[in-house]
Structures are given as C-alpha cells and as structure tokens.
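J.: Now for the letters of each chain:
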Amino acid sequence: MRDNTLKYLLVLPAVLVVFATAIWPLVESLRLSFTVGRLNKPDFPQGYLGFENYTWAFWEEPAFWNSVWVTGIYTVLTVALTTVLALGLAMLLAPGGRLRSGVQTLLILPFAMSPALIGVSFRFMFNPEFGLFDAFFGAVFPPLADISWLAHPQLAFAVCVMADVWGWIPFLTLVLIGGLASVPQETIEAAQVDGASGWRVFRDVTLPQLAPVLAVVIILKSIFSLKTFDQIFMLTNGGPGTATQTLSHYIYFNGMKYGQIGYSASVAWLMVIPMIFLTYAYAKFVFRKAS
Amino acid sequence: MAEVILKNLTKRWGDFVGVDDQSLEIHDREFLVLLGPSGCGKTTTMRMIAGLEDPTGGEIWIGDRMVNDDLPKDRDVAMVFQNYGLYPHMTIFDNIAYPLKVRGTPKPEIEPKVHEAAEKVELTQFLDRKPKALSGGQRQRVALARAIVRTPKVFLMDEPLSNLDAKLRVTMRAELKHLSRQMKITTVYVTHDQIEAMTLADRVAVMKHGVIQQLGTPDKIYNDPANLFVAGFIGSPAMNLINGSVQDGMFVTTGGTRLVKVAIPDRAAVILGVRADDMKVFEPGEGDIDVTIYAFENTGESTLLTVQWGKQRVIARGSRHLRKNQDDVVGISLSAEHLYLFDPESGSRIRED
Numbered sequence: 001m002r003d004n005t006l007k008y009l010l011v012l013p014a015v016l017v018v019f020a021t022a023i024w025p026l027v028e029s030l031r032l033s034f035t036v037g038r039l040n041k042p043d044f045p046q047g048y049l050g051f052e053n054y055t056w057a058f059w060e061e062p063a064f065w066n067s068v069w070v071t072g073i074y075t076v077l078t079v080a081l082t083t084v085l086a087l088g089l090a091m092l093l094a095p096g097g098r099l100r101s102g103v104q105t106l107l108i109l110p111f112a113m114s115p116a117l118i119g120v121s122f123r124f125m126f127n128p129e130f131g132l133f134d135a136f137f138g139a140v141f142p143p144l145a146d147i148s149w150l151a152h153p154q155l156a157f158a159v160c161v162m163a164d165v166w167g168w169i170p171f172l173t174l175v176l177i178g179g180l181a182s183v184p185q186e187t188i189e190a191a192q193v194d195g196a197s198g199w200r201v202f203r204d205v206t207l208p209q210l211a212p213v214l215a216v217v218i219i220l221k222s223i224f225s226l227k228t229f230d231q232i233f234m235l236t237n238g239g240p241g242t243a244t245q246t247l248s249h250y251i252y253f254n255g256m257k258y259g260q261i262g263y264s265a266s267v268a269w270l271m272v273i274p275m276i277f278l279t280y281a282y283a284k285f286v287f288r289k290a291s
Numbered sequence: 001m002a003e004v005i006l007k008n009l010t011k012r013w014g015d016f017v018g019v020d021d022q023s024l025e026i027h028d029r030e031f032l033v034l035l036g037p038s039g040c041g042k043t044t045t046m047r048m049i050a051g052l053e054d055p056t057g058g059e060i061w062i063g064d065r066m067v068n069d070d071l072p073k074d075r076d077v078a079m080v081f082q083n084y085g086l087y088p089h090m091t092i093f094d095n096i097a098y099p100l101k102v103r104g105t106p107k108p109e110i111e112p113k114v115h116e117a118a119e120k121v122e123l124t125q126f127l128d129r130k131p132k133a134l135s136g137g138q139r140q141r142v143a144l145a146r147a148i149v150r151t152p153k154v155f156l157m158d159e160p161l162s163n164l165d166a167k168l169r170v171t172m173r174a175e176l177k178h179l180s181r182q183m184k185i186t187t188v189y190v191t192h193d194q195i196e197a198m199t200l201a202d203r204v205a206v207m208k209h210g211v212i213q214q215l216g217t218p219d220k221i222y223n224d225p226a227n228l229f230v231a232g233f234i235g236s237p238a239m240n241l242i243n244g245s246v247q248d249g250m251f252v253t254t255g256g257t258r259l260v261k262v263a264i265p266d267r268a269a270v271i272l273g274v275r276a277d278d279m280k281v282f283e284p285g286e287g288d289i290d291v292t293i294y295a296f297e298n299t300g301e302s303t304l305l306t307v308q309w310g311k312q313r314v315i316a317r318g319s320r321h322l323r324k325n326q327d328d329v330v331g332i333s334l335s336a337e338h339l340y341l342f343d344p345e346s347g348s349r350i351r352e353d
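Protein chains in written order, with my numbering: chain A, 1 to 291; chain B, 1 to 353.
Isolated chain A, as found in the complex (with noise of 0.2 Å):
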C-alpha cells in the first residue's frame, strides 16, 4: 500500500507538468474557441458563441479556406520531395554506397540551423537586387535576371517549398541510412545474382524492407510540414497576399494580430483533426516496429 502510494507521489511531478503546459492549454484553448474571444474588448473572451467560430471559418472565411489549400499542397510537394530526394542521397551514402561516408557530416549542417534562420537566410538569397540566387539565375539564363521571386506568388510558394526541403532533407536522410542499414544485405545480392538489374533489386527487395522505416518518415515529414509557421513567417509573411499563408499562419494573424483569440482558436482546433490522425499512425508504425 505503501508502496503504492509513493509510486503515484514520484510519478506526480511529471504529470503536473504535462498538464500544464500540454492538457490545459489544449483544454483551454477548446474552451476559447466557443468564445467571441476578442483581445482588442474589453471583458475577454466575452462569452460563448456555441459553433459559430467552426461555422464561420467553414462557410464566411475564403482565407480559411486559401490556407488549408495552401497548406495542402505544400505538405504534398515537400513530403514528396524531401522523401524522394533523403531516399536518392541516403542510397548513396549509406554503406556500401557511391560516396564517401566523410560526407555525412556535412549533410547534417542544414538541419542543425533553426527554420527562421532558414526563412531568413532564403529570402536574402532570393534578394531581386543582392540575392545570391538571383545572382546566379541572371549570370545563367540572363532572361531570368531580376525576376522578384518572392513578389510572384507561385514563385514565393516554390521558394517557400524549396528553403523547407532543403532544410528536412538531412535529417530524412540520416534517418532512412539506418533504414538501409538494417535491410540485409544478403537479400541484396540474392536479387543480384538472381537476375535483377539495379532498378528491381531498389524496387523488388529494397523499397520493400524499407517501407516500415519510410513509412514513419513520411507520417512524421508531414506532421512537420502541416504545421510548418516559422520558416514561412520569416521568409514571406505569407505573401504576398496570402500566397503562401499556411494554416499555421492564418492561426498566428488572426489570433495575434487581429486579436480574435476565439476564432483562431477554433482553426486552431481543425488542425488538429487531422493531426490526430498521423499522430496515431506515426505511433502504430513506431510501436509496431519496436515489437
């Protein structure tokens, strides 16, 4: 008896502080988003609107909806291009692959920057006037010369996608290394000799063993990048218009900046839908492997 009350008494600071800083934020910002939750009046939150924030972004908001399908793609293309790319390098840099494993150091170094820092160092080399790219875009296809990346809106996306894949593909990459490592090699040259080319053995005995390690990577890029903010806050504020204002985004200007608390707190929870989802399935893949 004794023993198990102290058992709960150690485990007790813990708890207290997942509860405070994870259930009751999540909790209260429910609570918030049945609210008018106005920052700019006074008695905040000013009582409760049932559904009607849900309603509103659902029906009265065309930005809401311009978010989600920006957020949309640009969850698509990264997934899919960070994935595609991590598996292309870690094939070449995992054991037994073309380059030397000397460079793995220096393929971390992107991931080991923090995403604002990324935001910021693309836009600057995105400049139309000093920007490093723009530099090298002119001096090669002179057409292309001064073009406002950033001004453009597909181009300020594409901008947008390429800074977070450039960034994600390290860490992808060291993770789908150890994938391979763990894929027999023996598996590997049974297909040799058994007659598959390079392309089969990859997509016969390969992508197969991979898929449990690919699986997780994908779940976990994604959860990543539907909640990307940071990066797109420093490099194109969501612009221009709201080009590339992603969920995230659309929470952080209406909560913050136009003081409805209520409102993006009610997107706020959306988002979490489908997150839930991944969540679930990025912690049955996980779980299922270490069984």
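It is worth saying that the hints were derived from the structure and are not from the lab. Nothing here was measured: the structure is a model prediction, and the numbers come from that model. Glycine residues also receive a C-beta, built at the ideal position from the N, C-alpha and C atoms. Keep in mind that the hints are not guaranteed to be accurate.
Here are the simulated DMTMM-like pairs of lysine to aspartate or glutamate, each with C-alpha atoms no more than 20 Å apart in a straight line [to be verified]: (1) B/K130 x B/E111; (2) B/K153 x B/D20; (3) B/K130 x A/E186; (4) B/K132 x A/E186; (5) B/K130 x B/E116; (6) B/K153 x B/D70.
Cβ pair distances, simulated, as ranges [claimed, not checked]: (7) B/D69 x A/A135: 40 to 50 Å; (8) B/S38 x A/S182: 22 to 32 Å; (9) B/D69 x A/A211: 31 to 41 Å; (10) A/A211 x B/G63: 37 to 47 Å.
Given the coordinates of chain A, work out where chain B should sit on it, guided by the hints.
T.: Just chain B now, kept in the frame of chain A:
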C-alpha cells in the same frame, strides 16, 4: 553447363591480400569444394565468381566467356547464401519464383517450375507462407529451391549448412549430395567443415591465406596431404604431429624414443604425422612403446585415447569395446605404411624415396 576457370585471380583490400594470384580449373559438372579456415579467401573467391566482389587482378571464365566485367545478373549463376538471403516480404512461392520472374519467364511456365523445385526439396505445403514462419532447415531448403528453379551454368554455395544444427546438417548434407548428383551442374561449394568437403566433393581445394594448398579428390587430400597444413586440417580427430629427427633410418622423438622405421635420409628436424586411426592400441608391452593414458573418451562407435608421449600428447583410436582408465598404461604401434613426414620449417611434405 559450363566449366569455371580462374586465371591468376587476386583480391586485395589495401595491404590485405584476400586471394593471392590463384589459378583453378573447375570442370564441367564437377562438384568442387573450397575448404579452409575462416579468412582463407574461399568465400572471397566464390563472391568473385558470382560477381559480388571485383577482383583486383586476374580473369574469371565461365564457359567460354570472360565474365570479369559482367554484372552478377548476366553471369547465369545461382547462389545459396549462408544466412539464406530469402526475401522476407515475399511468400515462399514468390521467393522461389523470383529468379524466373525477373528474367522474364512467361507466367504460365513459372508455376510448374516452382512446384517442381519445391517438390525436390519437399516444401510444397509451405508455398503460401513467409520465410519468417519457417524453421532454419526449411529456410535453407527454400534458398536451395530458389537456386535450382532454373538451370544456371554454375551453382555457388556459401557455407549453406553452417547455420543448421548438427543433426539437420547431416540430413541436409545427404540431400544436397543427392540433388547435386541428380542435376549434374558445375558447383562451387564453400565450407570450413572438412566432413562436408570430404563427403560432397568431387575435388577439394584446401585454402589458407588466400593460397590453394592442395587440390585433389577427397581421397587424395586425406591419404596424401601435400603439406603440414592440409594434414592438420583434414581429419577428425586432427592428425597427430610429432616432433623429432631421423637417425639411422629411424624416427626418433625429441624425447629420444626410437619409434619407427622411415625411408628417408637422416635429418635433424622433422615432423611425423600419423592419424589416430593408424595407431594400434595394445596391452602394455605388446606394442612398439608403452604410454600412459591422459584421457580416455568413449564416443560410442569407437574410443579415443589421448596418451602422454614424453612432452607431447597424441590421440589414438581404439576399438569400440576397449575400456581403459586415466593413468592406465597401454602399448601403441604405428602402422608404417600410413606415416607422413614434414619439414618443420616450410611445412612441406618430405616424401620417402
């Protein structure tokens, strides 16, 4: 069907020499065993034949084609790996069918061939399972079936039985022998197990430090070893090697015992090799010399006597019904026609005139 010819084959990793300038002709339909301790270059040699390892120098010929620059898939060989190398995500059927599938065999032809191969290794009832659901011996059969499902020019087997338990190894060995005699395809088989080599091979190549020490039939390497290494490596228990000298046509142990007549000129240092089976055990006084038993072991089908002989211990095989105790004295005789003499410096055999 093809012969395999290695010409001056060499493999180096930096300063380390894996295979040192070796030439070897493996005849069409021959079962050749590469035998040696780990690190002797036998697996490297096989991997170079398969194309999984690039030679540093020399040529590899399969049939009338030099295959040095061919990818493994273009060499028309089939290989059985030590750890089976099965595809864990495919069913047994798909595992066996893979070499056919990937080489573009029409679908209707695949199924009967897979069933035929599975039948040969008695696996037909497991075709729907994944490799995980099979035992080690069954997995090894799948690997075997995958190799025999088509008719390659050469079979390569890399210690295929070494992951099986002792009992299963004996059964599988017999099955392998049966299959190989049935199929008559050139086979290169790598092992460190001399029993496997003796029982399976048409010819055995004994390797050490990347060099083939002796190439010959199992009979030849057992009864006529070329050097000290082969003599010590082949046979269980290992051949007794006794240090001594030759004086007046007699072998004299370092301890001074005049032991047996040998037909070579006198020399100061020589090693006498004699197998346990070629030493006869008698009651004290009835043999050539009397020795004390250091350990007596009854293996069931025979008895092994480790006896103290001056400063050395040698092993003699006694009859199945012999019963002795530690520290008993027995008489020992060497059978003169099965003695081997070696030069202790070079390890090479000194042949009688």
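J.: Each of the hints needs a verdict: does it hold here or not?
T.: For each hint, the structure was consulted:
1. As the CA atoms of B/K130 and B/E111 are separated by approximately 17 Å, the hinted pair is consistent with the 20 Å bound.
2. The straight-line distance between the Cα atoms of B/K153 and B/D20 is roughly 26 Å, outside the 20 Å bound, and the hint therefore fails.
3. For a cut-off of 20 Å, the pair hint linking B/K130 to A/E186 stands: about 17 Å separates their Cα positions.
4. Between B/K132 and A/E186 the CA atoms are separated by roughly 16 Å; this keeps the pair inside 20 Å, and the hint holds.
5. For the hint linking B/K130 to B/E116, the alpha-carbon distance of about 19 Å falls within 20 Å, and the restraint holds.
6. Of the pairs offered as hints, the one joining B/K153 and B/D70 holds, with about 14 Å between alpha carbons and a cut-off of 20 Å not exceeded.
7. In this structure the supplied range 40 to 50 Å holds for B/D69 paired with A/A135, their Cβ-Cβ distance being about 45 Å.
8. Separated by about 25 Å at the C-beta atoms, B/S38 and A/S182 satisfy the suggested range of 22 to 32 Å.
9. Between B/D69 and A/A211 the beta carbons are some 34 Å apart, a value that agrees with the proposed interval 31 to 41 Å.
10. Look at A/A211 against B/G63: about 39 Å separates their beta carbons, and that is inside 37 to 47 Å.
The earlier numbered hint that this structure contradicts is number 2, and it is the only one.
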